[in-house]
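Student: As a plain string of letters, each chain reads:
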Amino acid sequence: MKVIKIDKKNWAEGLERSSRTYRLFGPLEQDGFHVFKALGDGELPNLDVQNTRLSPRSVVYPQSEKMFEFTLDEKQEDHHILKEVSKDYSPRAVIGIRPCDAKAFLLVKRNFETPEYKDPYWLKSYEATTLVGHACSGPCSTCFCTTAGCGPFYEEGLDILLVDVENYFLAKILTEKGERFIVAAGWEIEIDLPLIDQADTMKAAAEAKITTRVSTDRLRDKNTTDLFEASFWEDVAFSCINCGTCTYVCPTCWCFDIQDETYGLSGIRMRNWDSCMYSLFTLHGSGHNPRDAKVQRVRQRFMHKLKYYVDRYDNGIQCVGCGRCVRFCPVNIDIRRVCDLMNSFES
Amino acid sequence: MQNPYLPYPVRIEAIITETEDKNLKTFKLVFLNPDDEDKFSYNAGQFAELSIAGKGEIPIGIASSPTEKGFIMFTVNKVGLVTSHLHNMKPGDIMGVRGPLGNWYPWDIMEGKNVVIIGGGFAFTTLRSSIIYMLDPANRPKFKDIHVIYGARTPGMLLYKDELAEWEKRDDIHMHITVDATDDPNWKYNVGFVPTITDRKAPPGNADTYAIVCGPPIMIKFTQPVLDKLDYAHDHIIMSLEMRMKCGIGICGRCNIGKEYVCKDGPVFTLDQLNNMPKEY
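If you read the sequences in order, they're chains S and E.
Read in the working numbering, the first sequence has 205 at position 205, and its numbers run on one by one without any break.
Read in the working numbering, the second sequence has 95 at position 95, and its numbers run on one by one without any break.
Rather than coming from a laboratory, the hints here were simulated on the basis of the structure.
These numbers were taken from a predicted model, which means no experiment stands behind them.
Do not take every clue at face value.
To be verified - Covered, in the sense of this in silico footprint (three residues per stretch, anywhere, with C-beta under 8 Å from a C-beta of chain S), are these stretches of chain E:
#	segment
1	36 to 42
2	199 to 206
As the list claims (entries may be wrong) - Keeping only pairs whose Cα atoms sit at most 30 Å apart, straight-line, the calculated BS3-like set for lysine-lysine is:
#	chain 1	residue 1	chain 2	residue 2
3	E	Lys22	E	Lys161
4	E	Lys201	E	Lys161
5	E	Lys188	E	Lys144
6	E	Lys259	E	Lys22
7	S	Lys109	E	Lys279
8	S	Lys124	E	Lys55
9	E	Lys78	S	Lys66
10	S	Lys124	E	Lys188
11	E	Lys55	S	Lys87
12	E	Lys90	S	Lys66
13	S	Lys177	S	Lys66
14	S	Lys2	S	Lys109
15	E	Lys161	E	Lys142
16	E	Lys69	S	Lys83
17	E	Lys188	E	Lys39
18	E	Lys28	S	Lys294
19	S	Lys9	S	Lys177
20	E	Lys55	S	Lys118
Beta carbons are placed, not taken as given, at the ideal position from N, Cα and C, and that holds for glycine.
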């Protein structure tokens, strides 16, 4: 691993140079809040935001994505046959992604890349993406990353980690992808040992600021059906209005729907983010619905993240502790509390 | 990278109306590209996504048998947007098929064993596939006694009536066809619900006997106590589940029961497995 320092005076210039090779994305203000968007010419990512309301997952996995196209015109030889669409998988870089959101891509990857099936859209986008992370020196009060398998300076999942140290960014180059980005940006390779010490001190200070925690150590050993039938689910779900905000803001939610759309004689098959909070998600054609009631859907969301995922992959929970669902839930349902209920459950 | 969402183009070769209420039709499909038929190599019990451009996809059990070549076959109940559109399509029309998907009945485990097929209503499609597969001269010696208990509401609601009549004539398969009720004076088979006929006709359970049960929830609910009474071990009772699905490959997230995805880890589970999964289906 190489560590370099980037003088902030050279920051804009380097990004400008890298934009010749990469499509750049970063936090930009939109309607009073920040979201990850493509940077326009000369536009700089705002690295002062604590974190964006929406996670950057849409850079790899768009909310709506065209999969195939077709014609219904029977005069055309290939009518009613689905054809692949061309897509832009040229290099892109996300500047200023938080370590938790980068780690989230690794969790989600286990779903999109399996031994049997590989999702080409997600994987090609992910492969094309370089993640230039920004360490959190001032975490939010809702962050619980340090006990959710992650941390404010966490490196796994990132290609570069930037630490903001006064007039410099200390850049830890973590992967070959990261190295290629630094070369494209043309920043000078200059190492400064005192700066590394300072970054380590900052890391310890940031971790100490994260005071809310979850316990996950006993989830793996719980009996699934006992947990499923636990009496606390009614209580947890009582105030839920099934708005779906938690799934929408979550960096680790991946569920999608597939829909056809036609205009005249041409059409597309597309996929859209979907949510387990909606009853249509599981409604059978017959009218039967295995998750008809709100409590079943709320239970599904938490059981999926904190039990089914844990059991299926044996690699921790499907949560990075970013705290978005805690902050934006309109009725204050708190995954930290639910996690503790589950972890301490005795049948 | 192979795109698992891309359907193989197929042509509808024939459409057969199966039931007197005309709500069930069988679609015989032929691959436009002959190579695709080889890629679509399947086992009895698997399903596929039928794709209609502009309407969407539906997961449907494969009713043809791997031993039948040159076509694949699906029997579809008319319930929603895609199935209603499909029911109005004509031979010659172009659509798509994606698959084969899911697991299948455990043919390797059932080799050398007795097989009891218990089906009700229109859940008989992959069971037809299974029967054709087992009766194939190359496969029949691999199985001991084969029993089929198949019921519908009325004689006119039975699927594959011609084949049922053919199987009745054979001596290497024990057919127990039944209807809930009928006023047809010429009806020469059983009258009674599937659980009742199972109680009367099914062989007793033992280590060498497997039951494959597919049908509406009410039939399954009342058949299970009968199989318990007959001493079928729960790992010898095999079932196939249905769920709303989209991707069919365990990625889109909606068809799970606990950590299992019905589309990829199922749709076939033993009762023993289901006993240890959340009751959410």
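Student: Now look at each hint and say whether the structure bears it out.
Tutor: Each hint, compared with the structure:
1. 36 to 42: violated (count 0)
2. 199 to 206: violated (count 0)
3. E:Lys22 / E:Lys161: Roughly 14 Å between the alpha carbons, so the hint for Lys22 of chain E and Lys161 of chain E holds.
4. E:Lys201 / E:Lys161: holds (21 Å)
5. E:Lys188 / E:Lys144: Cα-Cα ~26 Å, so holds.
6. E:Lys259 / E:Lys22: violated (38 Å)
7. S:Lys109 / E:Lys279: Between Lys109 of chain S and Lys279 of chain E the Cα gap is close to 28 Å, so the pair holds against 30 Å.
8. S:Lys124 / E:Lys55: holds (27 Å)
9. E:Lys78 / S:Lys66: holds (28 Å)
10. S:Lys124 / E:Lys188: violated (61 Å)
11. E:Lys55 / S:Lys87: holds (23 Å)
12. E:Lys90 / S:Lys66: holds (29 Å)
13. S:Lys177 / S:Lys66: holds (27 Å)
14. S:Lys2 / S:Lys109: holds (26 Å)
15. E:Lys161 / E:Lys142: holds (26 Å)
16. E:Lys69 / S:Lys83: holds (27 Å)
17. E:Lys188 / E:Lys39: violated (43 Å)
18. E:Lys28 / S:Lys294: Roughly 41 Å between the alpha carbons, so the hint for Lys28 of chain E and Lys294 of chain S is violated.
19. S:Lys9 / S:Lys177: Distance of about 24 Å is within 30 Å: holds.
20. E:Lys55 / S:Lys118: At roughly 25 Å apart (the allowed maximum being 30 Å), Lys118 of chain S and Lys55 of chain E satisfy the hint.
In the structure shown, a violation is registered for the earlier hints numbered 1, 2, 6, 10, 17 and 18, in ascending order.
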